[in-house]
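Taken in order, these protein sequences are the chains called A and B. Taking my numbering, I'd label the letters of the first sequence as residues 1 to 428. Taking my numbering, I'd label the letters of the second sequence as residues 1 to 428.
Since the hints were made in silico from the structure, they are not lab data. Small disclaimer: the values here were computed from a predicted structure and weren't measured. Some clues are possibly wrong.
[Stated by the list, open to error] Some but not every residue of chain A turned toward chain B, in silico, with C-beta under 7 Å:
#1 W144
#2 R178
#3 A222
#4 A223
#5 A321
#6 I385
Where is the CB? At the ideal position from N, CA and C, for every residue including glycine.
Number of protein chains: 2
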Amino acid sequence: MTPGGAGVAQRHDQPTGGPAGLIGSGYEPGGAPGARAAVVDGPHDGPYDGPYDGPYDGPGAAPAHAPPHGLHAAHPALAARTAEAVLADYLHRQSSDFLRSLRLHRESGSDAEGAGEAARQLRRAARRISATLHTFRPLTEETWADQLLAELGWLSGTLAREQTCAARRERLMAALTRLTGRGDRPDRPERGARDARPTRPAPDPADRGSTATAAGDPDADAALAAGAARAGALLDRQLTLARTRAHSAALQALGSSRFHAVADSVAVLASEAPLAHSASELPAADALIPLADQAHRRLAEAVAALPLARAGHPYNAEALAVDHRQDAPWHQVRFLVRLARYAQEVIAPESADLRLADAARALDSHRAAAEAAAAAAAAARTPRIAPATAYALGVLHADQRHQVEAARFAFGRVWLSRSPERPARGDT
Amino acid sequence: MTPGGAGVAQRHDQPTGGPAGLIGSGYEPGGAPGARAAVVDGPHDGPYDGPYDGPYDGPGAAPAHAPPHGLHAAHPALAARTAEAVLADYLHRQSSDFLRSLRLHRESGSDAEGAGEAARQLRRAARRISATLHTFRPLTEETWADQLLAELGWLSGTLAREQTCAARRERLMAALTRLTGRGDRPDRPERGARDARPTRPAPDPADRGSTATAAGDPDADAALAAGAARAGALLDRQLTLARTRAHSAALQALGSSRFHAVADSVAVLASEAPLAHSASELPAADALIPLADQAHRRLAEAVAALPLARAGHPYNAEALAVDHRQDAPWHQVRFLVRLARYAQEVIAPESADLRLADAARALDSHRAAAEAAAAAAAAARTPRIAPATAYALGVLHADQRHQVEAARFAFGRVWLSRSPERPARGDT
Numbered sequence: 001m002t003p004g005g006a007g008v009a010q011r012h013d014q015p016t017g018g019p020a021g022l023i024g025s026g027y028e029p030g031g032a033p034g035a036r037a038a039v040v041d042g043p044h045d046g047p048y049d050g051p052y053d054g055p056y057d058g059p060g061a062a063p064a065h066a067p068p069h070g071l072h073a074a075h076p077a078l079a080a081r082t083a084e085a086v087l088a089d090y091l092h093r094q095s096s097d098f099l100r101s102l103r104l105h106r107e108s109g110s111d112a113e114g115a116g117e118a119a120r121q122l123r124r125a126a127r128r129i130s131a132t133l134h135t136f137r138p139l140t141e142e143t144w145a146d147q148l149l150a151e152l153g154w155l156s157g158t159l160a161r162e163q164t165c166a167a168r169r170e171r172l173m174a175a176l177t178r179l180t181g182r183g184d185r186p187d188r189p190e191r192g193a194r195d196a197r198p199t200r201p202a203p204d205p206a207d208r209g210s211t212a213t214a215a216g217d218p219d220a221d222a223a224l225a226a227g228a229a230r231a232g233a234l235l236d237r238q239l240t241l242a243r244t245r246a247h248s249a250a251l252q253a254l255g256s257s258r259f260h261a262v263a264d265s266v267a268v269l270a271s272e273a274p275l276a277h278s279a280s281e282l283p284a285a286d287a288l289i290p291l292a293d294q295a296h297r298r299l300a301e302a303v304a305a306l307p308l309a310r311a312g313h314p315y316n317a318e319a320l321a322v323d324h325r326q327d328a329p330w331h332q333v334r335f336l337v338r339l340a341r342y343a344q345e346v347i348a349p350e351s352a353d354l355r356l357a358d359a360a361r362a363l364d365s366h367r368a369a370a371e372a373a374a375a376a377a378a379a380a381r382t383p384r385i386a387p388a389t390a391y392a393l394g395v396l397h398a399d400q401r402h403q404v405e406a407a408r409f410a411f412g413r414v415w416l417s418r419s420p421e422r423p424a425r426g427d428t
Numbered sequence: 001m002t003p004g005g006a007g008v009a010q011r012h013d014q015p016t017g018g019p020a021g022l023i024g025s026g027y028e029p030g031g032a033p034g035a036r037a038a039v040v041d042g043p044h045d046g047p048y049d050g051p052y053d054g055p056y057d058g059p060g061a062a063p064a065h066a067p068p069h070g071l072h073a074a075h076p077a078l079a080a081r082t083a084e085a086v087l088a089d090y091l092h093r094q095s096s097d098f099l100r101s102l103r104l105h106r107e108s109g110s111d112a113e114g115a116g117e118a119a120r121q122l123r124r125a126a127r128r129i130s131a132t133l134h135t136f137r138p139l140t141e142e143t144w145a146d147q148l149l150a151e152l153g154w155l156s157g158t159l160a161r162e163q164t165c166a167a168r169r170e171r172l173m174a175a176l177t178r179l180t181g182r183g184d185r186p187d188r189p190e191r192g193a194r195d196a197r198p199t200r201p202a203p204d205p206a207d208r209g210s211t212a213t214a215a216g217d218p219d220a221d222a223a224l225a226a227g228a229a230r231a232g233a234l235l236d237r238q239l240t241l242a243r244t245r246a247h248s249a250a251l252q253a254l255g256s257s258r259f260h261a262v263a264d265s266v267a268v269l270a271s272e273a274p275l276a277h278s279a280s281e282l283p284a285a286d287a288l289i290p291l292a293d294q295a296h297r298r299l300a301e302a303v304a305a306l307p308l309a310r311a312g313h314p315y316n317a318e319a320l321a322v323d324h325r326q327d328a329p330w331h332q333v334r335f336l337v338r339l340a341r342y343a344q345e346v347i348a349p350e351s352a353d354l355r356l357a358d359a360a361r362a363l364d365s366h367r368a369a370a371e372a373a374a375a376a377a378a379a380a381r382t383p384r385i386a387p388a389t390a391y392a393l394g395v396l397h398a399d400q401r402h403q404v405e406a407a408r409f410a411f412g413r414v415w416l417s418r419s420p421e422r423p424a425r426g427d428t
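One chain only, chain A, in its complex shape (with noise of 0.2 Å):
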């Protein structure tokens, strides 16, 4: 088994055009518009709103694309079992989570740190909860499924909110102490390597042409520093506003009926799931594995859309223009990513996948720098600011969106970078 990306059909019959020839052949989009939900973690992820139901028929029928043979071997986490028997035992054990840090929550009291560690958890049992709803959708009963699905949606998306609002408070203070240089210097061991410090050249008594030197120009700094100083309070008020209202949305939230309802759902996950028929009586590599391969096909063919040629030549300053931003489609990417993340542990829990980890991670930082991007742009319009404020607030803005450029970059590397290396990989 190949370490790390054994959890998918591997599959030899496909055309190798887009990156690692991840783009499947046989998949159409827009099949039967099935019912659509709202996913996981509400804030971060739009509903997943492209096609659905490929030309996968349905539980038992030959899928479009027939994994080869030997395939099954490869999974010894679904050798004869049923479908039923994963997915169920996957679910048990995600709900089980659920319901510990739900009651963690409730213990935590005034322990904000506890409350916090508690909602993390819930929420990233939320997730994998979702996703496997989402991802084996057919194999569930599917109007329950789709209910839970918008009800984890929006119970993730109200405990999320809180923990955004710091995350971003502390990345836009962050950025602007770095921008000011009132941070520590990093350390940079490529000078200390070499000792001996050249002579500097001393200022240029001849420059009368330029406005300013940008090397330290006292004047430039002195104002940076000052409007940063300004927008600093000025997002830190906005900010902390913010959390506290999610704060307070999200305690009257876990008070709810609403919530209730969601924990009770939740509570028969954890018992018996309630799947379709055909999941007790299909074997799990059947059934699974196709269902996993198509999140991970519907994945490369949104990567394969990105601009990754582009976001691979480092400063293209494409996510700092306006009209050339598109976060969207990277978003949408990060929310498939999460999707075939999951869909692995269901049927290969023993491999994980470290490319989509890694994927995962630059994607999540793109979002929280574009969010923080918009936050200091959005500061920006408010009334009665000053001009030095405003200053500091553009150029962290563009410092943020350079991030997200950065991000992108990222991505790339990690999404193009191991292909090579891992060509027996397939459809990971």
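Here the structure of chain A is known, so what remains is to put chain B in place on it, guided by the hints.
Same frame as chain A, but now just chain B:
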């Protein structure tokens, strides 16, 4: 002869610690503190304040870093000629160019484009004369050379300013257009290759948590566009005014008696270059190569002190942070690249070093971006501007500092990328 790299002594006796083994070992900074002069192209270059006279003991003395045997054969332009013949020949050509462009400038009258081109040609020749007098100073009448160096620096600086203002204005206007998306979209061939555009995800109705979606938030875009328009108008006014002033100053300079004295000095170079007596007695290879070699070594040392490893990691966000900007060492390297390039033109005119030309381009753009960023920051300190204007100037400033970082990255690629392919090149 290695194409493009034969102009310099090949040294196999050196450690290869720096990039491509470029660090000379026989060179000690801080030798005789010879006369120093302001050099070439005023606002673009600081005077070279590093140690000039190393262990090189004057023409004729055995240099500390003796080139290996067979070296002279590698320089056909120097074969069987004296140092005086080679230097006088080069200076003659450059001063003829200088005088011709001066005539063109006078004749251009109201033809602004012709005058601009003539001024560019004049500065081009002045740069080469200055660099030659600087690098091969021990072979010249030094007092005379230092005097001419200072005057050429004044002249070039005065003439450069108008063009610099125009280029800066153009650069900033183009950046504003790009940032607000009013420009043309660049082609994206990587998209065209894959025709099937995937379904874009619909806007996320559950996205209640984020301040604003960065992708095309109409409010943010409109605010930036309005601010950018005003910022553009402000920069346009400021830089056009600066350009007009520079134009008057250049006209005044060209009519001054100080200018006529410079032109007379350059005319002397065209007929009989004031070289040291020793230059007429020494073979060109013996006298010129060690000095050119020294110019290359000094460059290599300055480059070795740059944080190239850090600049090689794209998106390090170093150039934007106030106390990490450190533009001066990069500007100094730009100046040393120029000296090395023109020294090579003197001793090996037939083999231009493409790497140095690429490096010069990267550092020119480094400097242009740094000065444009400073101009944006200076404009933001204009009293009574609107916050939206200041915000756009902040974005613009950060964008240009981003270009500074990109230029450093590009320079690093140029400098480091080719070395493994040309291991035999030694000092350049």
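Status of the hints after comparison with the structure:
Evaluation of the A/W144 hint against chain B yields a violated restraint, the C-beta minimum of about 20 Å exceeding 7 Å. Nearest Cβ of chain B to the Cβ of A/R178: about 5 Å, under the 7 Å cut. The hint holds. The closest approach between the C-beta of A/A222 and any C-beta of chain B is roughly 10 Å, which is over the 7 Å cut-off, so the hint fails. Interface restraint check for A/A223: the shortest CB-CB distance to chain B comes to about 5 Å, inside 7 Å, so the restraint holds.
At about 5 Å, the closest approach between the beta carbon of A/A321 and any beta carbon in chain B falls short of 7 Å, and the interface hint on this residue holds. With its C-beta approaching chain B no nearer than about 5 Å, A/I385 sits inside the 7 Å limit, and its interface hint holds.
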